[in-house]
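K.L.:
As they're listed, the protein sequences go chains A and B.
Following this note's numbering, the numbering of the first sequence begins with 153 at its first residue and continues without gaps.
Following this note's numbering, the numbering of the second sequence begins with 7 at its first residue and continues without gaps.
None of these hints come from the bench; they were simulated from the model.
It is possible that some hints are incorrect.
To be verified - The calculated label-pair distances, taken between Cβ atoms and stated as ranges, are: (1) B/R20 <-> A/A186: 18 to 24 Å; (2) A/E172 <-> B/A123: 48 to 54 Å; (3) B/D23 <-> A/E172: 44 to 50 Å; (4) B/H157 <-> A/C185: 42 to 48 Å.
Unchecked claim - Below, a list of computed lysine to aspartate or glutamate pairs in the EDC-like style, where the Cα atoms sit at most 16 Å apart: (5) B/K19 <-> B/D93; (6) A/K169 <-> B/E172; (7) B/K67 <-> B/D131; (8) B/K146 <-> B/E184; (9) B/K68 <-> B/E158; (10) B/K67 <-> B/D23; (11) B/K74 <-> B/D22; (12) B/K155 <-> A/E203; (13) B/K74 <-> B/D160; (14) B/K67 <-> A/E203; (15) A/K169 <-> A/E159; (16) A/K169 <-> B/E70; (17) B/K155 <-> B/E141; (18) B/K155 <-> A/D167; (19) B/K146 <-> B/E169; (20) B/K155 <-> B/E125; (21) B/K74 <-> B/E184; (22) B/K155 <-> A/E204; (23) B/K74 <-> B/E141; (24) B/K146 <-> B/E172; (25) A/K169 <-> B/E158; (26) A/K169 <-> B/D160; (27) A/K169 <-> A/E179; (28) B/K19 <-> A/E225.
Every residue gets a Cβ at the ideal spot worked out from N, C-alpha and C, and that includes glycine.
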Amino acid sequence: MSCENIETMLIAYLDGKARENERREVEAHLETCAACRTRAEEFRRVWSMLEEVPAVEPSLGFDARVRQRVAAEPRPRLFAWPVPQPRFAFAVALLLVLAVWISVTAPVPEQNLAAGNAEEFEMIQNLQVLEDYEVLANLEVLSDLPAAQQPARQQAPGKL
Amino acid sequence: MARSDVQLMLGVKRGDDESFELLLQRYRTSLVNFLYRMVRDAATAEDLAQEVFLRVYRARKKYEPSAKFTTWLFRIATNLALNALRDGRFRQLEVSADESGEDEQPVVNVADQRPSAVERMMEQDRAEFIRRAIEALPEKQRAAVLLHKYHELDYDEIARILECSESALKSLLFRAYETLREKLAPLVGESATEAQRHRES
């Protein structure tokens, strides 16, 4: 294996995170390559040097500023969903007013009513009971009634 | 038992302010340090760190624990830092090779074990020399080194944060450490001498 080939494996090897086969390959190369051995050793020293750089601490007001910015964020309202947008509410109100106005001012279709009445009249005319009126008028039982009740019999069709 | 990052973030999602406070305390220092080393300005680093926490808070309702929380957090931080650097707002803060202190090679005296004022100053110089070497790295290499060395994230996490493959990340890290090895050669030599002295004694 060449020096270039171990480049991608060297960092993981020094980290102890290389896979077993990679680790063996790197170790085999380091056994034979003095330049890469030196490089690996110097990488380790560089890593320990990086730890010498002191960490910085956030300023005293840092947390307060984060909290302040978070508090300024809009919070979801508990009953936000039923409250409509102003434009939507206006459109709904307008539709309701239009619906009421149309129902009040629209003319009643009289022609249709008349046609409906004629149909009903025709139906009544064709009722079986009316067809049987003559039969009823000539019933013998009626002729057996006392003479005083005869006029009533004569008026019977008018009642129907 | 301390709650995990994901548990805390799910708490934030439910509207639990205490969970957000715990996440703030857990990551405030590491975020400010990461951003400080990226943009090289303390005030800007704090502004960006605040922005990271704010974005985490804003995204709470959509949060799904599909990846590690730190991956998500440092991805936001890295993107903010890289954008800020690319905007050019902090260009004046970038370290050129001429000002990186290469000529000011610090001298370490190991003979006296007591930390005197002079030694403390020398330690500070040495730390400053190392810090400048890190800051002189290209942005992406710098981010990779910071996440790898200071925040000890796994390769797959860093690769996701920097949006590259794991093998590309390992090459990136190799080039970064190779550059640092060259820039820090005077100190590496001293360290080697120190190590040799330790072995001999």
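K.L.:
Take the hints in turn and mark each one as holding or not.
P.N.:
Status of the hints after comparison with the structure:
{"no.": "1", "hint": "B/R20 <-> A/A186: 18 to 24 Å", "verdict": "59 Å, violated"}
{"no.": "2", "hint": "A/E172 <-> B/A123: 48 to 54 Å", "verdict": "51 Å, holds"}
{"no.": "3", "hint": "B/D23 <-> A/E172: 44 to 50 Å", "verdict": "47 Å, holds"}
{"no.": "4", "hint": "B/H157 <-> A/C185: 42 to 48 Å", "verdict": "31 Å, violated"}
{"no.": "5", "hint": "B/K19 <-> B/D93", "verdict": "32 Å, violated"}
{"no.": "6", "hint": "A/K169 <-> B/E172", "verdict": "13 Å, holds"}
{"no.": "7", "hint": "B/K67 <-> B/D131", "verdict": "47 Å, violated"}
{"no.": "8", "hint": "B/K146 <-> B/E184", "verdict": "15 Å, holds"}
{"no.": "9", "hint": "B/K68 <-> B/E158", "verdict": "27 Å, violated"}
{"no.": "10", "hint": "B/K67 <-> B/D23", "verdict": "13 Å, holds"}
{"no.": "11", "hint": "B/K74 <-> B/D22", "verdict": "20 Å, violated"}
{"no.": "12", "hint": "B/K155 <-> A/E203", "verdict": "8 Å, holds"}
{"no.": "13", "hint": "B/K74 <-> B/D160", "verdict": "11 Å, holds"}
{"no.": "14", "hint": "B/K67 <-> A/E203", "verdict": "38 Å, violated"}
{"no.": "15", "hint": "A/K169 <-> A/E159", "verdict": "14 Å, holds"}
{"no.": "16", "hint": "A/K169 <-> B/E70", "verdict": "28 Å, violated"}
{"no.": "17", "hint": "B/K155 <-> B/E141", "verdict": "14 Å, holds"}
{"no.": "18", "hint": "B/K155 <-> A/D167", "verdict": "10 Å, holds"}
{"no.": "19", "hint": "B/K146 <-> B/E169", "verdict": "11 Å, holds"}
{"no.": "20", "hint": "B/K155 <-> B/E125", "verdict": "26 Å, violated"}
{"no.": "21", "hint": "B/K74 <-> B/E184", "verdict": "29 Å, violated"}
{"no.": "22", "hint": "B/K155 <-> A/E204", "verdict": "12 Å, holds"}
{"no.": "23", "hint": "B/K74 <-> B/E141", "verdict": "27 Å, violated"}
{"no.": "24", "hint": "B/K146 <-> B/E172", "verdict": "14 Å, holds"}
{"no.": "25", "hint": "A/K169 <-> B/E158", "verdict": "12 Å, holds"}
{"no.": "26", "hint": "A/K169 <-> B/D160", "verdict": "9 Å, holds"}
{"no.": "27", "hint": "A/K169 <-> A/E179", "verdict": "14 Å, holds"}
{"no.": "28", "hint": "B/K19 <-> A/E225", "verdict": "14 Å, holds"}
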